[in-house]
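A.B. asks: For chain A, the structure is supplied; the task is to place chain B on it using the hints.
Each protein sequence line maps, in turn, to chains A and B.
Residue numbers for the first sequence follow the working numbering, beginning at 6 and rising by one.
Residue numbers for the second sequence follow the working numbering, beginning at 6 and rising by one.
Quick caveat, the hints were computed from the structure, so don't treat them as lab data.
The model shown is predicted, which means the values in this text are computed figures rather than measured ones.
Check the hints yourself; a few may be wrong.
Said to hold, decoys possible - The following residues of chain B were derived to be distant from chain A, with all beta-carbon distances above 12 Å: (1) Gly65; (2) Asp120; (3) Pro240; (4) Pro256.
Said to hold, decoys possible - One side of the interface only, derived from the structure: several residues of chain A facing chain B at Cβ under 7 Å: (5) Gly157; (6) Val180; (7) Ala255; (8) Leu261; (9) Ala264; (10) Thr265; (11) Ile269.
To be verified - A few chain B residues facing chain A, derived, Cβ under 8 Å: (12) Leu8; (13) Gly157; (14) Phe258; (15) Ser260; (16) Ala264; (17) Ile269.
C-beta atoms are modelled at their ideal positions from N, C-alpha and C, and glycine is treated no differently.
Number of protein chains: 2
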Amino acid sequence: MDLIPIDDAEDPRIEPYRHIRERDLIGRDGLFIAEGEVVLRLLLSAHSRFRPLSILAAEGRAATALELRAEAERRGAIDLPIQLPIHVASRRVMDSIAGFPIHRGLLALGRRGTDPEPAALLPAGPALVLGLVGIANHDNVGGVFRNAAAFGAAAVLLDGQSCDPLYRKAIRVSVGAALTVPFSRGGSADEMVGTLAGHGFEVFALSPAGPESLHDVAWPARRALLVGTEGEGLPPSLLSRLRSVRIDMAPGFDSLNLATASGIALHAACGTVIRPSRN
Amino acid sequence: MDLIPIDDAEDPRIEPYRHIRERDLIGRDGLFIAEGEVVLRLLLSAHSRFRPLSILAAEGRAATALELRAEAERRGAIDLPIQLPIHVASRRVMDSIAGFPIHRGLLALGRRGTDPEPAALLPAGPALVLGLVGIANHDNVGGVFRNAAAFGAAAVLLDGQSCDPLYRKAIRVSVGAALTVPFSRGGSADEMVGTLAGHGFEVFALSPAGPESLHDVAWPARRALLVGTEGEGLPPSLLSRLRSVRIDMAPGFDSLNLATASGIALHAACGTVIRPSRN
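Just chain A, same shape as in the assembly (with noise of 0.2 Å):
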């Protein structure tokens, strides 16, 4: 059956994977974990930015693994390692790696190479730029990823108080846009937003007191949005100098979801990218 079995816990063919509880595998091996069946999918499709190293498989989804890895041999459309190893271990294995149980049972791990230069995702062209500052919460980052896949986002910015969009958890909640949409991570806001006007974007900061309603916008070709933390938003001395949009609300509950804010703007944001015949 072409499967690996692993009986225990400290089996070096899959030491990689007992690091899952560590939020940040970069500086380690350059490596990231992948979990469940959606994400393990497009993990092992073209469509995927990086390259899958091994599955981790439940006993009971051994079968699902072994059908990821055929159909993705049967596409040809990515370079598999030759034979991508199946590791199958039993659930109490599975749990004792994990620390935790692991209720899909399926993981995979990647590699994800080098992290590029902000400047080398920006598109020629129209596009709409996502930009993330402080933004340290996975599940928010993960949201914001799965929106910016959903409206064609060429490129999400990250800076470096940002967490990592290739922590598990992240990739999950994004359902695995992550792996999908390109990022680059670093430096501070005040670079990031350099960089998109060098490349000749305006730049839009999203802030409950900007002057300007989001249904208003006259989007241009090359647009950018810079989006804050739910608490502290963004800093006082980059809204004074960008325009700043709002997403009007009712009076008195002006609080949104950072992910959902984020979906709203995108939306907005996003019609010449997506849709080229309206403005």
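C.D. replies: What follows is chain B alone, placed relative to chain A:
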């Protein structure tokens, strides 16, 4: 200090709090449990549709509980029970009551009273109403209520398959909006649509396959948005006889979180409701 110490999780004075893990207190006593400082502040304010019966605070949060009550009494905005009781328990008792660690250390018991009939919630004049069909996930219902409050929805109608907005977790995710936005729950989606149409609302069904783009709708004064689950969506029998609108998305990744989708649709539909000067 006017606090009631509780040394025993079995103390009958805190009996209702012991059911915090139950999803549905409705049938039992018409009670609900709210959690956390932000939500309690709202429950103790004039914005809440419901009255608090008591507070249960961990030792470290007793001062906050006293402050919250004093502030509500000072405002005199609501009828508090004569001396709203504040029970104080050790973290150990608190955790054993809940069966899990309550990190926020502040709970309140509220009385829900009788849920109104849907028709009683529909105001005269221009209004936006939200209808939920089969939304059984408490996170989603909470997220949707947060958006309904942000965009000035007059009411949320839930069918009988949708879950209770007054379940603790839904209230928490809604940041208290489940306590402020009027709602009804019960009956079928067909009955809901009938009630809305009978009161002069045009009903728009949100669906990825909708022939009309949300960008292009000229919203009538009385408008209702109908939202189904992330997976199944709304029943085809409903979609076929309602005006169905879609959120335009990039090709190949037409997946949005339900709360985000509801936020985008409410933002598009709320125009004249929260900003009478524009269409």
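A.B. asks: Hint compliance check: list the failing hint numbers for this structure, sorted ascending.
C.D. replies: 4 and 12
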